[in-house]
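Residue numbers (numbering that gives the first Met the number 0), protein chains in the order written: chain H, 0 to 348; chain S, 0 to 152.
Treat the hints with care, since some could be wrong.
[Said to hold, decoys possible] Derived coverage of chain S by chain H (criterion: at least 3 residues anywhere in the stretch with Cβ under 8 Å from a Cβ of chain H; other residues may be distant):
#1 35-44
#2 52-65
#3 82-88
#4 107-120
#5 127-139
[To be verified] Simulated coverage check for chain H against chain S, where a stretch passes if three residues somewhere in it have a Cβ under 8 Å from a Cβ of chain S:
#6 123-133
#7 216-229
#8 315-327
[To be verified] Beta-carbon label-pair distances, calculated as ranges:
#9 H:Asp-169 <-> S:Val-69: 37 to 43 Å
#10 S:Gly-48 <-> H:Thr-95: 42 to 48 Å
#11 H:Thr-95 <-> S:Leu-13: 44 to 50 Å
Worth flagging that the hints you see were computed from the coordinates, not collected in a lab. Beta carbons are placed, not taken as given, at the ideal position from N, Cα and C, and that holds for glycine.
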Amino acid sequence: MREVGIVSFAQSSALRERRNEVEILLPVAKEAVEASGMKRQEIGFTCSGSSDFLQGQAFAFVMGLDAVGAWPPVVESHVEMDGAFALYEAWVKIQTGEVDSALVYSFGKTSPGDLAEVLALQLDPYCVTQLWPDADSVAALQARLFMARAGLEERDLAEVAVRSRRAASDNSHAIVKGESDVETLLAEPCRSSPLRAHDCPANGDGATAMVIATGDRARALCDRPVWIRGFEHRIDAPALGVRDLTRAPSAQAAARAAGVHDDKLDFAELDAPYTHQELILRESMELPEDLEVNPSGGSLCTRVLFSCGLTRVGEAASRIASGAGDRALAHTTQGHCLQQNLAVVLEGE
Amino acid sequence: MNENSATGDSLSGLHVLEYPYRRSLGPVLSRFFTDLRDRKLTGIRDASGRVLVPPQEYDPETAETLHEFVSVGPGGEVVSYSWVAEPRSKQPFDHPFAYALIRLDGADTAMLHAVDAGEESRISVGSRVRPRWAAEPGGSILDLACFEVEEEG
Numbered sequence: 000m001r002e003v004g005i006v007s008f009a010q011s012s013a014l015r016e017r018r019n020e021v022e023i024l025l026p027v028a029k030e031a032v033e034a035s036g037m038k039r040q041e042i043g044f045t046c047s048g049s050s051d052f053l054q055g056q057a058f059a060f061v062m063g064l065d066a067v068g069a070w071p072p073v074v075e076s077h078v079e080m081d082g083a084f085a086l087y088e089a090w091v092k093i094q095t096g097e098v099d100s101a102l103v104y105s106f107g108k109t110s111p112g113d114l115a116e117v118l119a120l121q122l123d124p125y126c127v128t129q130l131w132p133d134a135d136s137v138a139a140l141q142a143r144l145f146m147a148r149a150g151l152e153e154r155d156l157a158e159v160a161v162r163s164r165r166a167a168s169d170n171s172h173a174i175v176k177g178e179s180d181v182e183t184l185l186a187e188p189c190r191s192s193p194l195r196a197h198d199c200p201a202n203g204d205g206a207t208a209m210v211i212a213t214g215d216r217a218r219a220l221c222d223r224p225v226w227i228r229g230f231e232h233r234i235d236a237p238a239l240g241v242r243d244l245t246r247a248p249s250a251q252a253a254a255r256a257a258g259v260h261d262d263k264l265d266f267a268e269l270d271a272p273y274t275h276q277e278l279i280l281r282e283s284m285e286l287p288e289d290l291e292v293n294p295s296g297g298s299l300c301t302r303v304l305f306s307c308g309l310t311r312v313g314e315a316a317s318r319i320a321s322g323a324g325d326r327a328l329a330h331t332t333q334g335h336c337l338q339q340n341l342a343v344v345l346e347g348e
Numbered sequence: 000m001n002e003n004s005a006t007g008d009s010l011s012g013l014h015v016l017e018y019p020y021r022r023s024l025g026p027v028l029s030r031f032f033t034d035l036r037d038r039k040l041t042g043i044r045d046a047s048g049r050v051l052v053p054p055q056e057y058d059p060e061t062a063e064t065l066h067e068f069v070s071v072g073p074g075g076e077v078v079s080y081s082w083v084a085e086p087r088s089k090q091p092f093d094h095p096f097a098y099a100l101i102r103l104d105g106a107d108t109a110m111l112h113a114v115d116a117g118e119e120s121r122i123s124v125g126s127r128v129r130p131r132w133a134a135e136p137g138g139s140i141l142d143l144a145c146f147e148v149e150e151e152g
């Protein structure tokens with residue numbers, strides 16, 4: 000395996016945006032490239048993650064290239080997924096020996112559309128989409144099953160929200176943050192029972208960018224490169240009824256294959272858009288009970304769809320680069336009810 | 000094209016933003032929806048012997064092609080539910096209702112559908128439900144309009 004390090008990372012504020020996708024992305028991509036110390040023309044590969052369904056237009060992702068500059072010509076690729084999966088493709092491309100560095104970016108602007116309806120489009124188009132279940136209701140079906148199986152109450156879910164919001168206080172990009180208490184949160188009405196607003200992600204618009212490079216190149220570019228030590232993604236069956244929704248076997252398989260348990264973790268950044276999903280992931284990925292999870296506040300407090308997974312990797316890498324830890328897990332999920340999961344193990348120099 | 004017009008020197012045209020895909024059902028879901036039109040519920044047996052409803056073309060575990068159709072229902076049991084207090088415009092009802100995972104009698108997996116329970120206190124995990132059929136079948140999952148909670152006793 001070639002040693003690949005994260006050299007730089009940038010993200011936009013995740014607020015509701017008037018700017019279009021390219022305008023949001025441009026300063027973020029520029030910041031990541033400049034912080035890497037490389038010129039854009041020196042970077043071997045460009046790979047992006049986003050979804051045309053948010054813009055309602057086929058090949059909308061191509062416009063994203065306007066933000067990174069397509070001249071002189073660049074070698075590029077795109078995944079209709081979170082940017083963390085674009086990072087995976089870039090990492091594989093580097094493993095093939097074809098390139099030594101890559102710019103990875105992602106963006107998501109969900110505010111112009113009705114996100115609940117857009118997300119219903121990723122369900123079974125024959126048997127489910129025409130019932131138009133909103134994403135919160137689908138997650139709520141999973142939450143009720145998990146709470147019954149694990150013997151948890153709505154209070155246990157609210158505690159995840161309280162802890163995440165507190166952790167997000169130091170995150171200048173977080174949408175929801177600050178002190179809250181369980182009693183106040185539980186006094187709110189259910190949004191889609193048993194879930195309340197605090198159990199559901201705070202959605203925003205934004206972009207994320209990252210530059211990665213091989214061993215000595217990365218060492219020359221930054222003080223403390225953060226190495227990608229393990230990288231896997233796995234998927235479970237899409238039909239909601241055919242799997243046990245209280246577990247995430249693909250998260251477990253990805254974590255094991257990425258080598259999560261080979262050594263001690265200092266913290267984890269999990270892409271858990273719903274409170275109960277953090278608890279399912281902790282269990283499925285076999286994480287120690289006392290492990291610090293989501294010091295950034297996580298995707299619950301700041302979800303930029305198709306970008307928040309790459310942001311989890313970037314947040315974890317930044318924390319390691321600053322010396323606040325040596326080894327961390329970053330995770331990304333796609334689909335409904337934790338259907339598809341990606342795990343990446345990061346380690347400081 | 001009457002949607003297009005020339006105004007002065009510039010041409011303008013109607014642009015409809017949509018994904019106008021048409022889908023075919025394939026051999027397994029064709030059977031499911033044909034039966035549904037006739038007010039019958041059909042599942043399929045997977046490699047391990049489980050009955051999957053709605054039927055899948057391929058085994059979710061082994062990816063084997065599946066063939067053996069099994070009649071199920073019409074009644075079933077609520078496995079999980081979420082109560083929608085404020086329905087959205089495209090959702091099946093304009094009054095509060097539940098989305099539920101329902102395991103039909105004779106099935107081993109649950110299917111997602113709406114339950115017109117009236118109020119949240121009338122539905123719980125384990126509730127018995129039965130289908131309410133659409134008056135006029137239209138060839139979609141909505142031929143099964145929704146499920147309703149059976150009266151106890």
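So, going through the hints one by one against the coordinates:
1. For a cut-off of 8 Å, the count of residues in the stretch 35-44 of chain S with a CB near a CB of chain H stands at 0, and the three-residue condition is violated.
2. Only residues whose beta carbon comes within less than 8 Å of a beta carbon in chain H count, and the stretch 52-65 of chain S has 5; three or more means the coverage holds.
3. Coverage of the stretch 82-88 of chain S by chain H holds. Counting CB-CB distances below 8 Å, 4 residues qualify, and the rule asks for three or more.
4. Coverage of the stretch 107-120 of chain S by chain H holds in this model, with 7 residues showing a Cβ closer than 8 Å to a Cβ of that chain against a need of three.
5. With a threshold of 8 Å between beta carbons, the proposed coverage of the stretch 127-139 of chain S by chain H is violated, since 1 of its residues qualify and at least three are required.
6. Coverage of the stretch 123-133 of chain H by chain S holds. Counting CB-CB distances below 8 Å, 10 residues qualify, and the rule asks for three or more.
7. Only when three residues or more bring their CB closer than 8 Å to a CB of chain S does the claim for the stretch 216-229 of chain H stand; here the count is 0, and the claim is violated.
8. Judged by the Cβ-Cβ criterion of 8 Å, the stretch 315-327 of chain H is not covered by chain S as claimed, because only 0 of its residues qualify and three are needed.
9. Taking 37 to 43 Å as the suggested C-beta distance range, the pair H:Asp-169 and S:Val-69 does not conform, at roughly 56 Å.
10. Checked against the hint of 42 to 48 Å, the pair S:Gly-48 and H:Thr-95 passes, with Cβ atoms roughly 43 Å apart.
11. Against the hinted window of 44 to 50 Å, the Cβ-Cβ separation of H:Thr-95 and S:Leu-13 comes to about 46 Å, which satisfies the hint.
Comparing the model with each numbered hint stated earlier shows that hints 1, 5, 7, 8 and 9 do not hold.
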